[in-house]
Structures are given as C-alpha cells and as structure tokens.
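For reference, the chains in residue letters:
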Amino acid sequence: MPQTKTQVLKIDKLSKDFGYRQVLKGVDMDLAAGELTLLLGKNGAGKSTLMKIISGLVLPSGGKISFKGQDTKKNPQNLRKSLGMISHQTMFYGDLTAEENLLFFSKLKKVSSPREKIEGALHRTGLRKFAQIPVKTFSSGMNKRLNIAKLMVMDPELLLLDEPYTGLDYDSIEFFNDYLAEFKKKGGTVLLITHQIDISFELCDKIAIMQNGVAASHMKTASYTYDDLIEEYQKR
Amino acid sequence: MLSEIWTIFIKDLRLDLRRMENFFSMFFFSVIILLVFAFAMPADKDSHIIFAPGTFWVTFLLSGILSLNKSFQLEKENACMESLLISPISRGSIFLGKLFGNIIFIMIIQCLIIPLFSLFFYSGFLDHFFSLMLLSVISAVGFSSLGTLLSGLTTDLRFKEILLPILLFPLLIPLLLASVRIMQGILIGEGFSGELDWLKLLIGFDLIFLIISYLIFDFVAEM
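First to last, the protein sequences are chains A and B.
For the first sequence, my numbering begins at 192 and goes up steadily by one.
For the second sequence, my numbering begins at 5 and goes up steadily by one.
One should not assume that every hint holds.
BS3-like cross-link-like pairs, simulated, lysine-lysine; straight-line CA separation at most 27 angstroms [as the list claims (entries may be wrong)]:
1) B:LYS80 x A:LYS264
2) B:LYS80 x A:LYS243
3) A:LYS300 x B:LYS80
Read the hints as simulated data drawn from the structure, not as lab findings.
Owing to the predicted nature of the structure, the values given are computational and were not obtained by experimental measurement.
Extracted from the complex, chain A is given alone in its bound form (with noise of 0.2 angstroms):
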C-alpha cells in the first residue's frame, strides 16, 4: 500500500485577474510534505503569481490557500513564519553586508543562535570569506549563494523557488541541489519554478504545468523520464 504523506499546502481554486487580464483561472494544487513541484509553464503562464500569491505578496482574486490546514489569509503568520523564498531579484540590502543581512532576518524570524548558524551557513556556500563585504559588490551567483545561506539560517519548512539556479555556476548548482534533496529528506516541502527542467528532473516528485491559468499536476512515476516531461510539455 502506498504511503500517504503530510498535506502541508493545499491550493483551492485559486484565480488572480489584473484588470484586463485574468492570469490565474482556478488553480488546484497539492503539496505535501518531503515533496518537491516542479511548476512548469510558458513565459507569462502565471506561475510568478502564483508564487507570489501563496507567500502573501500578491492577494488572490478568489480561493482559498491552506498551510497545515489552517487558511493562510485568517492565520498568515503560521505560513510565514515556516517560509523560505528565493525570487528573481536578491531580495538584500546592498548597502549591507552578507553578515549584516543574515543577521538583520534572522532576528526579524527570531532564529535561535543566529551567529553561529550564519557563519555556518557562510562556510558552507563558500562566502565567508565575502561575509564583511557590501552585498552591492557580489555577482548574481553569489547574490543566488546568499539566498541559499540565507534558506540554512532560517531552516524553513516550505520553500517557494523562483529560478533559483539563474546566475549558479556547476559546482552551485550541484551543491543547491545536494541542499534540496537533504531539505526534502527532512521533510520539507518545495516548490520550484525554472526552465532548466534537467538539472531538476531528478530531484522532483510531481509535476504541474501551468497553461492558460489552470495547472495540472501529476506524480513522477518511476517509468516517467525527462524524454517524456519534454513531451508533455511541448504538446501544450
């Protein structure tokens, strides 16, 4: 018998209309707990909003969005407090430094021993050496380091993923990914959104693509390989 696992997010026919343009049209999703989702869809399918949606930047046009069955709009801080992002833009202060940063959030997420878990975290994304230095100064991929660090210090339990290997080099990308499948064996749960499908093929357990404000999700089946994912998604 198969084992069910923990619903820690469960997304009810959710829609967001701008105005002049209806961008999500009542979309379904599950996510459970040591699970990662790869969102997939087109340039402009609505799988941003989506994200932005369920961390509460962007408030829904209808639907509803439960964290641990609690609905995040009546209880947002039970979601927040559990959240991890990583966004297209590095979401730091540039004036600060890598230091500075982590400390400044992990204090607004009252992280206990918050020194000790940065300058693990420093270490471990190779940045500790640049943890005294404005983070204006850093390149993408370091800035995309420091979101990694950023995810260690927090020790979130829901991760929202928004083209996170942009800018990442091989060895930081093979190092996120390492990060992932530890955070999923803990038990975590992640959604993530990108383009480079393979080098988040392995990782992933279900698969939603998102087409014309509606997603459609699937588990990744043992016999399912990245041929057939290509497939699925150029048919759309």
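Start from chain A and add chain B according to the hints.
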C-alpha cells in the same frame, strides 16, 4: 514586537549612515532655504521673530520630504520589501521601525539647523535651543507618522516624488499652523505655556495620525 521595531530601526539607521548622500542632500538643502530667506528678510529682531518661524517650518517641511522619499526607497531596491513582508512580523512593526528611523533622521538635521538658524537670523534664538528641539520632536512625530504612511503608499507609483508632497502637505496644515504659533511663543520668551491651545492641537494631531497611520499601514502593505 519591540525587538522587531528595534531591528528595523537599527537597520535603517545603519543604511542611512552608509549612504551619507541622503544626509548631506537634506542638510545642504536646508541651509540653502535658510540662506535665501535670511537674505530676503529685514535684518531687525522684531521682523525675525515674526517671519523666522514660517521660514523654519518651511525648511523643516521641505527637507523632511527628502527623508520620507528615501524611507521606502531603501526597501524597493532588490525587492527587500518583499523579504520584509514575508517575514513573520506584523506590518505595524515595519511601520513603527521606519517611523522612528524617519524621526531620528529629521531630528539630527534639526539639531544642526537650529544653530544655523540663529546664525542667519537673530542670534538670541540659540538661547531657546532645547525648547525648539522639543517642539521639533513633537512636530516630527505627526509629520513622520503621516509621511511614513503616505511614503509607503506612493513608493510603487510613478512620480512618487511629486505625489508625496501633494498628498502630504494639505494634511499637515494643522500641524504647521500649530508649530509656527508655538515657535513664535518660544521666541518671544513665553515658552510653551503661551500657546497651550496650539500645543494641545499639535499633540492631538500626533496621537490621531500616529494611531490611524499604524492601523492603516496593514492595508497599505498589502497593496
């Protein structure tokens, strides 16, 4: 909540210290306004007592706008506001952290402007330094409460630098009238007791807009 407010306040202060251009632009802008008014005014003490309060509060208002404009600009860069909004803190903490940052920034400028004010106008004004600083603090609370709210509201809009003063200045009229009248009382040696009704109006304005802005900021942040 206090630790969250403190963390945001310290971060803003640190960023302001790293970006001294904000401070210098505010300071030199204030000096230029004072200089222009000082040259335009008659040089006798009585005229200065009548006209100086207006000059002082125009300087306060115009330089304060520069502080408010940069307040949320810091968050807009690299989408840091998004990072703040997904943090498990209340929107009210963000508002209060930024509010205190703005008040302190304005007070540092006022600390430097009051001696200059005495230099360009009647030197006896410096005798009232502490009274003028106290008045500046009281006025800065109301000014920054409304200003921080409207700065947050306009930060994503086009022409925000123009929109902010257009929205803010009319709402500040009671605060400005009260501040000018109280300052006249201070300069003629009556202190705060000479204009008690105006002082009550000013404190009332502070309280009302501090509470309203704190409550409304939740909705502003969601927008």
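Could you work out which of the previously given hints the structure breaks and list their numbers from low to high? none
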